[in-house]
Each structure stands twice: as structure tokens, then as C-alpha cells.
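> Chains R and U, in that order, give the protein sequences.
For our numbering, count along the first sequence from 1 and bump the result up by 206.
For our numbering, count along the second sequence from 1 and bump the result up by 97.
The hints are simulated quantities; they were obtained by calculation from the structure and are not laboratory data.
Yeah, the Cβ is synthetic: ideal placement off N, Cα and C, and Gly gets one too.
Do not take every clue at face value.
What the hints assert, rightly or not - With a straight-line Cα cutoff of 20 Å, these simulated SDA-like cross-link-like pairs (lysine to any residue) come out: (1) U:K356 - R:V375; (2) R:K313 - U:P114; (3) R:K263 - U:L304; (4) R:K263 - R:Y217; (5) U:K356 - U:R206; (6) R:K263 - U:W137; (7) U:K356 - R:N242; (8) R:K329 - U:W137; (9) U:K356 - R:A292; (10) U:K356 - R:K418; (11) R:K329 - U:E354; (12) R:K263 - U:T107; (13) R:K263 - U:S134; (14) U:K356 - R:G293; (15) R:K418 - R:L365.
As the list claims (entries may be wrong) - Sample of chain R residues at the chain U side, in silico, Cβ under 8 Å: (16) G303; (17) T312; (18) S354; (19) A452; (20) G472.
Claimed, not checked - Examples of chain R residues lying across from chain U (beta carbon under 10 Å, computed): (21) N276; (22) S288; (23) G351; (24) A443; (25) G445; (26) L446.
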Amino acid sequence: MIEVETVSKTYGSFTALDQVSFRARQGRVTGFLGPNGAGKSTTMRVMVGLTPPTSGKVTIGGHRYADLPNPARHVGTLLDASAQHAGRTGREILALGATTIGVPTTKVDELLALVGLSAKEAKRRVRHYSLGMRQRLGIAHALLGDPSVLILDEPVNGLDPAGIHWMRVMLREYAGRGCTVLLSSHLLHEVEMIADDIVLIDHGRILWQGEKNDLLSGQGTVVRAVETDALQQALTADGLSVTAAAEGLHVQAETLRVGTVAARHGITLVELRPAQGAGLEALFLQLTAGRPNVAGIAS
Amino acid sequence: MSETIQRPETLDISGTPAIPFYRLVEVELRKMTDTRSGKWLLIVIAVITALAVGLVLAFAQPQDKVFETFIGIAATPQGFLLPVLGVLLVTSEWGERAGMTTFTLVPQRSRILLAKITAAVLFGLAAIALALIVAALATLLANQPDRWGGYEIGDVGKFALLQTMGILQGLAFGMLFLNSAAAIVTYYVVPIAFSVVTGVVEQLQDLQPWLDLNTSQQPLFGGERLTGQEWAQLATGTLIWIVVPLTVGAWRMLRAEVK
């Protein structure tokens with residue numbers, strides 16, 4: 207379990223993290239979601255002691271990371287897939303890590319196979335790796351010590367669809383074994399697919415946290431009409447909260463009520479359903495409202 | 098809410114031994130040999146040491162082909178190259194951002210720092226051993242009368258001290274600048290500029306052996322025993338050019354945010 211307790215980090219007058227508190231529970235995948243620059247990476251760096259917080263603290267399974275005698279045997283981290291010497295081979299990087307934390311080098315071959323790096327690729331210098339290959343190497347590095355807690359910063363970045371699917375299955379399996387998995391992403395869709403719990407951050411502040419299932423119920427209605435503008439006016443006039451979503455309008459009301467309003471105004475609906483996937487997107491847009499760059503990211 | 102498998106909320110760390118120091122040193126030594134720049138630097142040091150001695154063996158006057166000449170000629174290129182090795186030990190990590198990975202695996206940064214210093218000293222000692230072996234072989238091959246020329250164990254000690262100081266100074270400059278080019282250039286240029294300034298400004302001339310490490314190291318090259326004052330001058334030079342940059346670099350490394 208990862209417990210983040212009122213962590214703040216300021217750089218001069220800039221507040222990177224503002225009283226950040228949340229919990230990543232064991233046996234669950236926690237998605238740490240927010241636009242670029244929201245403070246996800248900084249929070250994760252504070253977790254492993256790379257960035258000293260201005261105030262607050264993080265414990266992992268009840269311990270400060272720096273107090274763990276051999277942290278990588280408990281906590282696997284992937285913070286930046288490019289934070290490696292580009293002149294080393296992939297295999298050598300894993301071998302160095304294995305030697306440092308004291309696991310046999312047979313583990314290296316095992317992990318290379320697991321993340322799908324061939325023997326030939328493993329012999330190449332990391333300089334010649336694609337982002338996806340670096341990401342796979344980074345995952346292998348995180349798994350070296352057979353950890354029960356995983357902290358992964360944007361792990362699906364640069365992976366192809368097959369890689370993303372593989373990652374999803376692997377992380378689910380990890381959580382199924384009772385491990386704690388925390389992964390960050392700026393991709394809403396990704397988090398929605400993988401995570402059990404969601405922590406939403408923007409401008410260094412936690413905006414929302416909870417179970418994904420909570421988002422999937424009672425999240426209103428998605429409606430699409432031929433006369434979109436007319437429908438929006440009608441719903442708003444009826445006192446309902448309406449936001450434009452990617453696939454139509456998102457309304458904070460039951461489908462029956464939305465349908466009734468539409469019928470009363472003679473509006474032709476092409477779709478009317480309880481919001482499910484749209485819940486997170488609507489919430490994301492709503493909570494990060496006023497940020498022009500957010501809409502582009504929330505897809 | 099249905100939990101899958103219930104694990105205890107706290108991590109049980111009682112069965113996890115800490116990483117032993119020797120393993121950190123082992124990894125630091127290995128990091129110097131598994132990149133192209135590190136590997137070639139080590140090869141170049143070895144080859145030039147042998148080459149310098151070989152040239153003297155082939156072309157020097159017969160009476161000069163004694164151990165003292167050979168060891169002196171082996172020491173000179175090493176004196177230039179070992180500091181570069183010291184610089185690379187640090188900067189190959191920070192310049193490439195691999196330090197982030199290292200410090201995540203080992204959050205006690207002071208242990209990494211000590212492992213690096215230990216690795217630097219071990220490389221220095223290996224270079225010295227190589228120089229002694231090559232020089233001894235050349236001496237045997239040359240087979241001149243009085244070939245060991247009163248070379249004492251104390252002289253070996255002075256040579257070892259000189260080379261170790263060089264590599265540690267490189268390490269210190271690397272830590273101060275965290276950038277290979279800046280550290281190497283500064284390592285070569287600043288002491289020379291400093292020597293020139295102290296040589297020209299008359300008031301500083303008396304102070305030169307105290308302030309300028311190159312000058313205070315001169316007695317280490319000779320066969321004479323060092324006087325108390327010379328040791329003291331060596332100490333102040335070391336303080337200014339090795340201890341201070343190492344301390345500033347270490348202070349920053351232990352505290353800074355690792356990017």
C-alpha cells in the first residue's frame with residue numbers, strides 16, 4: 207500500500223504539489239491521471255526519494271522508501287525509460303541492476319523474455335532503442351526484484367497496441383496476486399481500461415479520487431440528437447447541467463428525464479443511454495475546466 | 098468491495114538484507130568497463146603505459162635504462178589520463194541520467210559516493226601496479242648495472258600517492274561540474290592558469306607551493322624524502338584542489354533533486 211500524506215513541493219514561488227494526499231491500495235491497480243505537468247511525475251519521484259518534498263511524507267507498506275534495506279526487492283519503479291546510459295546494452299543495464307540488488311543474472315533472461323525483447327535486441331545499445339523498447343526494458347528493470355509494489359510513470363507511453371494489451375494483462379495479474387500497482391497516465395482511455403481506482407490530479411492538487419465503478423454509475427446520460435444546439439438549450443432551460451462530450455451531450459440526469467425533454471421539444475434523438483465511459487471524461491473535463499490544453503489530452 | 102488476495106498492509110522487510118558495500122563497488126567498477134568511452138580509456142591507459150616504457154627501452158641511452166627512468170616514464174601519461182577516468186566515473190552517470198536509476202536502487206546516496214571513491218582508488222592502484230610491473234619487466238630486459246638504482250618502497254608509496262591524488266582530483270572535478278567536458282577542461286586549464294598567475298605575481302610566489310597543487314606535488318616525483326614543510330604544502334594543495342571540490346560536489350549530490 208502506498209500512502210501519500212499531505213505532500214507539498216514548491217520551487218521558489220511555484221507550487222508543483224499542493225497538499226497531495228491519496229492512497230494506492232493493494233490488490234488493485236490505481237490510475238494516477240492528469241494532464242502533462244499536473245504533478246504526477248513529481249509525486250512519484252517524491253515517493254522514491256529522488257525529489258525531497260517541501261512538506262508531507264510518503265510511506266510504502268508502512269515504511270519510507272529510503273528506509274527499505276534493499277528497496278527494489280519490494281518496490282519496482284519505472285520513472286523515466288530514458289534514464290539510462292545510452293551506451294550500454296539493454297542486457298547490461300538489467301545485469302547491473304540485478305547485481306546491485308542481488309538477484310541472480312538468470313533473472314535477466316527471464317525478464318527479457320517476459321517483456322518481449324529478443325536476445326538480439328538485448329545486445330544492442332539502448333541508444334538504438336525505440337521508445338517502446340526502452341519502455342519494455344524499463345518494465346523489466348522494475349520487475350527485477352520481484353516487487354510487491356509497482357510505481358510506473360506513463361508505462362504505456364510509446365507501446366504499440368499489442369504492447370499496451372500485454373501491459374494491461376500483466377498489471378491485472380500483478381494486482382490479482384495482491385500487489386499494489388500505481389501507474390500514471392495522461393491518457394484517460396488508458397486509465398479507464400486498466401485501473402480499479404482513480405486519482406485525478408491537476409495543477410499539483412488532487413481533484414478527485416475513488417473507485418472507477420463509482421464513476422460508472424450515477425454519472426448521468428449521454429445523448430446525441432440531430433438538433434444538438436436546440437437540445438442543449440432545452441435541457442439547460444429545464445435546469446439540467448449539460449456538457450459537450452466527445453460523442454454528444456453529457457447530461458446530469460436520468461435517461462427518462464432527458465428523453466422526456468427531447469420529446470416535448472420535438473427533437474430527434476439518435477442516441478440515448480446512461481453515461482458509462484463518458485463519466486470519467488466528463489468528470490475530467492469538468493474538474494479541469496478552464497484549461498485550454500486539457501480537451502486535447504482527454505481522449 | 099472484494100479484495101482478491103489479502104496481503105498484510107505493511108511490507109515485511111525483516112528478511113531483506115541490505116545491499117553489501119562490496120557489491121556497490123563491484124557495480125561501480127563494472128560501469129567503468131561496460132561503455133565504449135570507459136573501456137577505451139582503460140585500454141588507452143594500459144597501452145600508453147606499455148608504449149612509453151617500450152620506447153624508452155628501445156631508444157634511451159643504455160645507462161638510463163634503469164627502473165627509476167622506466168617508472169617515471171610510465172607515470173607521466175598515467176598522470177594525465179587517470180584524472181579523466183575519475184571524471185568519467187561520475188559524469189557517465191549524471192550526463193546520461195543513469196544516476197536516477199542508481200539512486201532509486203540505492204537511496205542512501207552517501208554509499209554510492211563512497212563506492213565511487215573506492216572504485217576510483219582501486220582503478221588508481223591497478224594502474225600503479227601495471228606501471229610497476231611493466232617498468233620492472235623493462236628493467237630486467239635492459240639488464241643494466243645498478244638497474245634498481247636505490248629505488249625504495251617509499252618511492253613506490255609516493256608514486257601511488259601521486260596517482261591516487263590525480264584520480265581523486267578528477268573525481269572531485271567531475272562531481273563539481275557533473276559534466277565531462279567542463280570537468281576535464283577545468284582540470285587541465287585552471288591549475289595551469291593558477292600556476293602562471295602565482296608565478297607572475299611576485300607576492301604570491303612564496304605562497305605558490307602552498308596553494309598550487311602542481312607545485313606542492315613536485316617533491317613526490319623526486320627520490321628525496323619529503324620535509325615536514327613539504328608534507329604540509331601537499332596537505333594544503335590537496336585541501337584546495339581535492340577536498341574542497343569533493344566536499345562541495347558531495348554536498349550537492351547528497352541533497353539535490355536527481356533529474
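> Could you run down the list of hints and mark each one as holding or not?
Going through the hints against the structure:
1. U:K356 - R:V375: Answer violated: U:K356 to R:V375 is near 31 Å, above 20 Å.
2. R:K313 - U:P114: 19 Å, holds
3. R:K263 - U:L304: With a Cα-Cα distance of about 51 Å, the restraint between R:K263 and U:L304 is violated, given a limit of 20 Å.
4. R:K263 - R:Y217: 17 Å, holds
5. U:K356 - U:R206: The hint holds at about 14 Å.
6. R:K263 - U:W137: Outside the cut-off at roughly 44 Å; violated.
7. U:K356 - R:N242: At roughly 17 Å apart (the allowed maximum being 20 Å), R:N242 and U:K356 satisfy the hint.
8. R:K329 - U:W137: 19 Å, holds
9. U:K356 - R:A292: Holds: U:K356 and R:A292 sit about 16 Å apart, inside 20 Å.
10. U:K356 - R:K418: Not satisfied, since the Cα-Cα distance of roughly 32 Å exceeds 20 Å.
11. R:K329 - U:E354: Roughly 32 Å between the alpha carbons, so the hint for R:K329 and U:E354 is violated.
12. R:K263 - U:T107: 16 Å, holds
13. R:K263 - U:S134: 40 Å, violated
14. U:K356 - R:G293: Given that 20 Å is the threshold and the Cα spacing comes to 19 Å, the pair holds.
15. R:K418 - R:L365: 24 Å, violated
16. G303: 6 Å, holds
17. T312: Nearest chain U Cβ about 17 Å off; hint violated.
18. S354: At about 7 Å, which falls below the 8 Å cut-off, the nearest Cβ of chain U leaves the hint on R:S354 intact, so it holds.
19. A452: Where the cut-off is 8 Å and the nearest Cβ of chain U is about 30 Å from R:A452, the hint is violated.
20. G472: Because about 45 Å separates R:G472 from the closest Cβ in chain U, which is outside the 8 Å limit, the hint is violated.
21. N276: Holds, about 5 Å.
22. S288: This interface hint holds because 7 Å falls under the 10 Å limit.
23. G351: 9 Å, holds
24. A443: Given a least distance of 40 Å, the restraint on R:A443 is violated.
25. G445: 35 Å, violated
26. L446: Result: violated, 31 Å to nearest chain U Cβ.
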